[in-house]
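Visitor: Based on these hints, arrange chain B on the given structure of chain A.
Here the protein sequences line up with chains A and B, keeping their order. Sequence positions in the first sequence follow this note's numbering and run 49 to 457. Sequence positions in the second sequence follow this note's numbering and run 225 to 634.
Don't read these hints as lab results, they were simulated from the structure. All figures in this text were calculated on a predicted structure; none of them were measured in a lab. Please note that a few of the clues may not be correct.
[To be verified] Simulated crosslink set (DSSO-like; lysine-lysine; CA at most 30 angstroms straight-line):
| # | chain 1 | residue 1 | chain 2 | residue 2 |
| --- | --- | --- | --- | --- |
| 1 | A | Lys207 | A | Lys294 |
| 2 | A | Lys122 | B | Lys374 |
| 3 | A | Lys128 | A | Lys357 |
| 4 | A | Lys192 | A | Lys221 |
| 5 | A | Lys207 | A | Lys133 |
| 6 | B | Lys389 | A | Lys221 |
| 7 | A | Lys122 | B | Lys425 |
| 8 | A | Lys207 | B | Lys425 |
| 9 | A | Lys122 | A | Lys192 |
| 10 | B | Lys598 | B | Lys629 |
| 11 | A | Lys221 | A | Lys128 |
| 12 | A | Lys183 | A | Lys207 |
| 13 | A | Lys207 | A | Lys192 |
| 14 | B | Lys629 | B | Lys596 |
| 15 | A | Lys221 | B | Lys425 |
| 16 | A | Lys133 | A | Lys294 |
| 17 | B | Lys389 | B | Lys425 |
| 18 | A | Lys221 | B | Lys392 |
| 19 | A | Lys287 | A | Lys128 |
| 20 | A | Lys192 | B | Lys392 |
| 21 | B | Lys374 | B | Lys389 |
For reference, the chains in residue letters:
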Amino acid sequence: MNLSLRLGWRNLWRHPRRTWLTTGAMIFSNVLLVFMISLQLGMYQLMIDNSLRIFTGHLQVQAPGYNDTPHMSKTVPDIKQLAAKLREVSGNGNVAARASGFALFSSAERSYGAMVIGVEAEYEPGVSSLPGLIKQGRYLNNSKGAEVVLGAALARNLKVSLHDELTLMGSGKDGSFAADVVNVVGIFETGVPDIDRNFVQMPLDRFQEVFSMENEGHTIVALAEDFSQIAQLQQRLQKPLSDTEKLVLLDWDALSPGLQQAIDADMASAWFMYGILILLVAFSVLNTQLMSVLERTHEFGIIMALGLKPGRLGRMVLMESTIMAGMGFVIGTALGSLVALYFHTYGLSLPGMEDAMARYNLPGRMYPSTSMVSLCLGPAVVFIACILASAYPALRLYRLHPIDAMRSA
Amino acid sequence: MNFPWHIVITLAWRNLWRNYRRTLIMLAAIVVGVWSMIFMTAMMRGMVDEMIRGSTSTLLGHAQIHHHLFRDDPNISNSMPPPSARLKAVLAQESVVAWTQRVRVPAIISSERESLGVSLVGVNPHAEEGMSFLADSIEAGRHLESPEDKGLILGARLAERLETKLGKRVVIMSQDPDNNIVDRGFRVVGIYETDPSNIEKQFVFTGLNTAQQFLNMGEQISEIEILGQNYRDTDSLIAPIQQAMDAGLSLEPWYEIDSYLGSMLPMMDGFILVWIVVVFIALSFGLVNTLAMAVFERVREIGLMLALGMRPGAIRFQVLAESLMLLTTGLMLGNLLAWISIVPLESGIDISAVGQGLEMAGMSSTLYPSLKIKDMFTATGIVIILGLVASLLPAWRASRLEPIKALTKT
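If we strip away everything but chain A, and leave its shape as in the complex, we get (with noise of 0.2 angstroms):
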């Protein structure tokens, strides 16, 4: 076994007590790194997952400026043949297209605007997880009918409920009158208040029908099978594009800026609070080492006089703090990843939250990411730190003079 090893491991044990203590530090904050950061990221994936799979989709083609101001004239010419296309090269299929207006909505008794969405009935199964959370009747099944899904909110607003009619009121794309006589099918609940307060879908035939839309559309929305495949279907979509019109392809980060920097701003308040934690660890490892190297200054004096070279010392010192740092990593992310372990199983709710989780689409039950990122990055953060933090007792072994070092106490 290496020398610096075996040393720095007996060395360490001098002073059980104070080894434990440091090594305890270590082994708290990473702890509660490890069960933090995996809470953070698996609070992440369900934010990006649940926002954008209820109507965003992770990919939408739309007309360039469209994103930036819906106007219902910067239309998608030819949309369900281009949809047609861009489903064939996906690869899954989940490709569908869509149209969106506004329109005053009267009942018997009430009268409310909403965003109108035509949707190609057959395909928005693929892009959106709304169809599958009708509450009441069914989603739409054809491309043709005069019938609506609606909000549940809008529904009480309105005082309608299934197979009630309808009439809607708005202008068509070229500034003309717009109305149709609908009949309610379905009745969905997403929780997102926004959603369920505004939305109303129809078949996308008879949208482009009643606002004078001709074959045109405003967006195809692409889904892909799972986060880390985006970048592919971004490829694959891509292709046939460019060789057509002016089109842009915008990813989710384009369609919903404030998803990412909601998590960025999260992210680096998180990170200022873990860095004064590590901060914290690391001048404990400092004083520890520090403490350690001072009181062998004769023992080391001794030493340098029988001829060992300071740097052999500093690695020693150094190989202390590593072990140390190496213990409170294992044992750190050890407990961390059970505690982290059970929560991804059980799952955590925090009570008083359900609100503020509400905002972010998240459910009141959380389960924290198990990934080899999740688990090990905060504890190698602790790791480093640690080591870098008694760099300067094993620096200062190169000013040791051995004469002076053997006379001191």
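Guide: Below, chain B alone, put in the same frame as chain A:
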């Protein structure tokens, strides 16, 4: 017993500086820890204060009176008569800083280019002053002049979406109490800008009487907003008003109307406490270690003092005094550092880089840290008490040394 306070305290202070490097490192750790406690607390407070201030000035106030069905179903048919003489008398009391009445209905606004859904709010501009953001946020054009004002004020983002501007006409469509569709042209007389900017897309304002006429609702109104002295003390504001209300009306404080905002306060208080304790635990490992080492180095010395007749209690007190001095010095420097670092930031920190993300949380893109004396005391108190508890073990061990064994230890 004649306890040698004076000597023990002098000894403790001198002992602290025998190994100045160790003490300085520990001191640095305490200073950073205490600074981070107070700094984080000030940031969190600033954030939540700003959120609440922003929301309460966005047509929320500290409490509101509605028709009892209005909150569930914010429709024109759930409007209420203007305040009775009895209610007005209560609202004139000192605990009420200001109050105002409004019409608020969902509506559709159309320009030549676009139609969008908004909330049409009919206001009395004079009563509104000091209550909502509107009066201070007019960027172009003019504010409404009276409840009869027939002009319309829109947000800048909405005007952009509608491709309309000052002086142009827009059409507003809504329903009257009998579910007849009513529409009417309005001239845009003012554009407002506010933060968070998604508010700009939601509310359009006109005169109260104009709105009542347009919607055929006579004297009826949708809501009364009340502003009290302090958002934290709504109970004393609400109680007398509750007595004076007619049947069929309901009165709710802000934290019930906006339950997300309401949940922020206890959440923040809890978070601050957890953070202080976590930082302290991280510190305490170092603190206990430092004290244990200090005792270990002095085993012979302590043995000698015991052999000479010093009471174990005095030894214990000496170690605790050392710990207390270390903590107090660290706390003073930490508090000072926090104060120095926060005061220049109080004019606001620009965090608009993540502005759209913060908008999701209802926050504006400037953060004003808010340093409260109370928070400094809380952090200081917790650190001193827990710090002494953590020092008990090394102090107790030091006092339990046996003089003979300690003296012969090499």
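Visitor: Could you run down the list of hints and mark each one as holding or not?
Guide: Evaluated hints:
1. With a C-alpha separation of about 43 angstroms, the suggested pairing of Lys207 of chain A with Lys294 of chain A is violated against the 30 angstroms cut-off.
2. Taking the CA atoms of Lys122 of chain A and Lys374 of chain B, the gap is near 34 angstroms; set against the 30 angstroms cutoff, the hint is violated.
3. Using a Cα cut-off of 30 angstroms, the hinted pair Lys128 of chain A and Lys357 of chain A is violated, with the two alpha carbons roughly 78 angstroms apart.
4. Restraint check: the Cα-Cα separation between Lys192 of chain A and Lys221 of chain A comes to about 19 angstroms, which is no more than 30 angstroms; the hinted pair holds.
5. Our distance criterion of 30 angstroms between C-alpha atoms is broken by Lys207 of chain A and Lys133 of chain A, whose separation comes to about 41 angstroms.
6. For a cut-off of 30 angstroms, the pair hint linking Lys389 of chain B to Lys221 of chain A stands: about 21 angstroms separates their Cα positions.
7. The hinted pair formed by Lys122 of chain A and Lys425 of chain B meets the criterion: a straight-line CA distance of about 20 angstroms does not exceed 30 angstroms.
8. Using a Cα cut-off of 30 angstroms, the hinted pair Lys207 of chain A and Lys425 of chain B holds, with the two alpha carbons roughly 26 angstroms apart.
9. Using a Cα cut-off of 30 angstroms, the hinted pair Lys122 of chain A and Lys192 of chain A holds, with the two alpha carbons roughly 23 angstroms apart.
10. Taking the CA atoms of Lys598 of chain B and Lys629 of chain B, the gap is about 48 angstroms. The hint is violated against a cut of 30 angstroms.
11. As the CA atoms of Lys221 of chain A and Lys128 of chain A are separated by approximately 18 angstroms, the hinted pair is consistent with the 30 angstroms bound.
12. Proposed proximity of Lys183 of chain A and Lys207 of chain A is supported: the alpha carbons are some 16 angstroms apart, at most 30 angstroms.
13. At roughly 25 angstroms between alpha-carbon atoms, Lys207 of chain A and Lys192 of chain A fall within 30 angstroms of each other, so this suggested pair holds.
14. For the proposed pair Lys629 of chain B and Lys596 of chain B, the alpha carbon gap of about 52 angstroms is over 30 angstroms, so the pair is violated.
15. Distance check on the hinted pair: Lys221 of chain A and Lys425 of chain B sit about 22 angstroms apart at the alpha-carbon level, within 30 angstroms; holds.
16. The hinted pair formed by Lys133 of chain A and Lys294 of chain A meets the criterion: a straight-line CA distance of about 16 angstroms does not exceed 30 angstroms.
17. Restraint check for Lys389 of chain B and Lys425 of chain B: satisfied, since their Cα atoms lie roughly 14 angstroms apart, inside the 30 angstroms limit.
18. The suggested pairing of Lys221 of chain A with Lys392 of chain B holds, with an alpha-carbon distance near 21 angstroms, which does not exceed 30 angstroms.
19. For the suggested pair Lys287 of chain A and Lys128 of chain A, the alpha carbons sit about 18 angstroms apart, so the restraint of at most 30 angstroms is met.
20. In summary, the hint linking Lys192 of chain A to Lys392 of chain B is not supported, as the alpha carbons are separated by about 38 angstroms, beyond the 30 angstroms threshold.
21. Taking the CA atoms of Lys374 of chain B and Lys389 of chain B, the gap is about 17 angstroms. The hint holds against a cut of 30 angstroms.
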